[in-house]
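**Student:** Single-letter residue listing:
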Amino acid sequence: MNGMSRDELLALLPAYALGALDPDEQAAVEAWLSTDAEAQTALAEYQAVAERLYVLAPIRPAPPHLEADLRRRLAAGRAVPDRRLSQGRAGRRGRVWLAAAVLILVIGVAVLSRLLADNGSPPPDPGAVYATIAAQADARRYAIEAAEEQANLRGELIVAASGDRAVIRVEQLPALPPGQTFQLWLLDTEGTLRSGGIFRAQGEATHIIVPLDRPLTAYQRFGVSIEPAGGSPYPDRPTGPVVFRVYVNS
Amino acid sequence: MGESAELELLRRIQQGDEEALVTLHRRYAALVYSVAYRVLNEQMAAEEVTQDTFLRLWHRAETFDPARGAFVPWLLTIARRQAIDTLRKQQRDALRDPVFLDDNPETWENALSADDSQHLAHGLLRDAAAALPDEQRQPIEMAYFWGMSHSQIAARLGLPLGTVKTRIRLGMEKLRAAWLGEKSEDPASPS
Chain A
1 MNGMSRDELL ALLPAYALGA LDPDEQAAVE AWLSTDAEAQ TALAEYQAVA ERLYVLAPIR
61 PAPPHLEADL RRRLAAGRAV PDRRLSQGRA GRRGRVWLAA AVLILVIGVA VLSRLLADNG
121 SPPPDPGAVY ATIAAQADAR RYAIEAAEEQ ANLRGELIVA ASGDRAVIRV EQLPALPPGQ
181 TFQLWLLDTE GTLRSGGIFR AQGEATHIIV PLDRPLTAYQ RFGVSIEPAG GSPYPDRPTG
241 PVVFRVYVNS
Chain B
1 MGESAELELL RRIQQGDEEA LVTLHRRYAA LVYSVAYRVL NEQMAAEEVT QDTFLRLWHR
61 AETFDPARGA FVPWLLTIAR RQAIDTLRKQ QRDALRDPVF LDDNPETWEN ALSADDSQHL
121 AHGLLRDAAA ALPDEQRQPI EMAYFWGMSH SQIAARLGLP LGTVKTRIRL GMEKLRAAWL
181 GEKSEDPASP S
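Going line by line, the protein sequences match chains A and B.
Residue numbering for the first sequence follows the numbering used here, beginning at 1 and increasing consecutively.
Residue numbering for the second sequence follows the numbering used here, beginning at 1 and increasing consecutively.
FYI, nobody ran anything at the bench for these hints, they're computed from the structure.
There may be inaccurate statements among the hints.
Claimed, not checked - Each pair of labels, with its calculated beta carbon distance range:
{"no.": "1", "chain 1": "B", "residue 1": "Arg68", "chain 2": "A", "residue 2": "Glu204", "range": "55 to 61 Å"}
{"no.": "2", "chain 1": "B", "residue 1": "Asp17", "chain 2": "A", "residue 2": "Pro241", "range": "30 to 36 Å"}
{"no.": "3", "chain 1": "A", "residue 1": "Arg71", "chain 2": "B", "residue 2": "Arg60", "range": "16 to 22 Å"}
{"no.": "4", "chain 1": "A", "residue 1": "Ala131", "chain 2": "B", "residue 2": "Asp17", "range": "28 to 34 Å"}
{"no.": "5", "chain 1": "B", "residue 1": "Arg156", "chain 2": "A", "residue 2": "Ala76", "range": "36 to 42 Å"}
{"no.": "6", "chain 1": "B", "residue 1": "Lys89", "chain 2": "A", "residue 2": "Gly127", "range": "36 to 42 Å"}
{"no.": "7", "chain 1": "A", "residue 1": "Ala131", "chain 2": "B", "residue 2": "His59", "range": "39 to 45 Å"}
{"no.": "8", "chain 1": "A", "residue 1": "Glu204", "chain 2": "B", "residue 2": "Asp134", "range": "47 to 53 Å"}
{"no.": "9", "chain 1": "A", "residue 1": "Ala31", "chain 2": "B", "residue 2": "Leu159", "range": "34 to 40 Å"}
What the hints assert, rightly or not - Listing some non-contacts, in silico: residues in chain A with all C-beta distances to chain B over 10 Å:
{"no.": "10", "residue": "Met4"}
{"no.": "11", "residue": "Ala17"}
{"no.": "12", "residue": "Pro124"}
{"no.": "13", "residue": "Arg141"}
{"no.": "14", "residue": "Ala175"}
{"no.": "15", "residue": "His207"}
Claimed, not checked - Derived list of chain A stretches under chain B, where covered just means 3 residues or more per stretch with a C-beta under 8 Å from a C-beta of chain B:
{"no.": "16", "segment": "46-57"}
{"no.": "17", "segment": "63-72"}
Every residue gets a Cβ at the ideal spot worked out from N, C-alpha and C, and that includes glycine.
So that you can see chain A by itself, here it is in the shape it has in the complex:
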């Protein structure tokens, strides 16, 4: 019994059921369990408890937009479930290579453009960039989805046909007290979230340039949250409530 008495091993069963043992103790308990029917019964009882400890989590209503989001994701990956898994993996691998190739190309073009154009000029005016893209007949538009508490909010994301420039135009952003700011977030298809910068509401409509560093297909959605002045203390997650989202690939 690995130096442990039966009573000592029995005392470890609750933690074993919780998955809280360190590896050496776990191995000792598993070796003993196979030889002790009474212990197996006790373990089954502890496991029945351990797998229902979700009752300790406060119940929260699921955000209402999740159902529409699920339908969107199903539509995006529509196929027969059993076959989809294997085909999906192969297809995903192909898409990764394609995305990588496109990414290299886009970065190359972006670096070249920056080298040619960066002469200390001021940053582009988001409203002007929006107007330029909106004038393109083949620009792509995505409606924003306001959080439940922001019923009056409306707007859109507009993306240049080339896919390398995107601007959000939004009206009726809530007034923020001093010490708070809006922050843009970009969620990619790998599930990684990064900040797209902080901004303040401007007049009738606010324009926000989305800093794409990859093709639009590499992103799931963008979102805006309310954060303390200076932005979220974390580079990879918001801390405040979400104001709106824009889905681009889910």
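Keeping the supplied structure of chain A fixed, place chain B upon it in accordance with the hints.
**Tutor:** Frame of chain A; chain B shown alone:
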């Protein structure tokens, strides 16, 4: 929704019926989201885990085996593990703004339908957990929601390992007794 209804929905999901998945999502998204939020303590990440859990169900519905247990614990185990994986990937401090058991009047036995076969037992378990002393409930929650071993818990709480082991054992014994409908033998337990 009883187990037979869930089995029928899972059968339909395996045949590619999206509405069956949406029906399960409508029924259980709040429970999945609540568990994910409890682990991650952050809205966007909890939403992602919720959706990923249901998409996993979409792809792998056939892996549920009713002979090995009930549907809800199975689903919420997937959600919890996925949330703990996310927490580890983000290398976040699990104890940031910890939220231990609150006095939210919405309870699991209410959230689960009355025809759920374990409706009453969920209530008993919840009551027993609420009656646990903080010193026993806290290490149990740290193990369950954040996947911490008892030596990690001891280090985090600054307690001797033996103390943490004892507290987990005493707490789990009381929960087990409640689950089995027994009176706890721990003299420290409330009457």
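**Student:** State for each hint whether it applies.
**Tutor:** Evaluated hints:
no.: 1; hint: Arg68/B <-> Glu204/A: 55 to 61 Å; result: holds (59 Å)
no.: 2; hint: Asp17/B <-> Pro241/A: 30 to 36 Å; result: holds (35 Å)
no.: 3; hint: Arg71/A <-> Arg60/B: 16 to 22 Å; result: holds (19 Å)
no.: 4; hint: Ala131/A <-> Asp17/B: 28 to 34 Å; result: violated (46 Å)
no.: 5; hint: Arg156/B <-> Ala76/A: 36 to 42 Å; result: holds (41 Å)
no.: 6; hint: Lys89/B <-> Gly127/A: 36 to 42 Å; result: holds (38 Å)
no.: 7; hint: Ala131/A <-> His59/B: 39 to 45 Å; result: holds (43 Å)
no.: 8; hint: Glu204/A <-> Asp134/B: 47 to 53 Å; result: holds (52 Å)
no.: 9; hint: Ala31/A <-> Leu159/B: 34 to 40 Å; result: violated (28 Å)
no.: 10; hint: Met4; result: holds (12 Å)
no.: 11; hint: Ala17; result: violated (7 Å)
no.: 12; hint: Pro124; result: holds (28 Å)
no.: 13; hint: Arg141; result: holds (24 Å)
no.: 14; hint: Ala175; result: holds (22 Å)
no.: 15; hint: His207; result: holds (23 Å)
no.: 16; hint: 46-57; result: holds (count 11)
no.: 17; hint: 63-72; result: holds (count 6)
Checked against the numbered hints above, the structure breaks hints 4, 9 and 11 and satisfies the rest.
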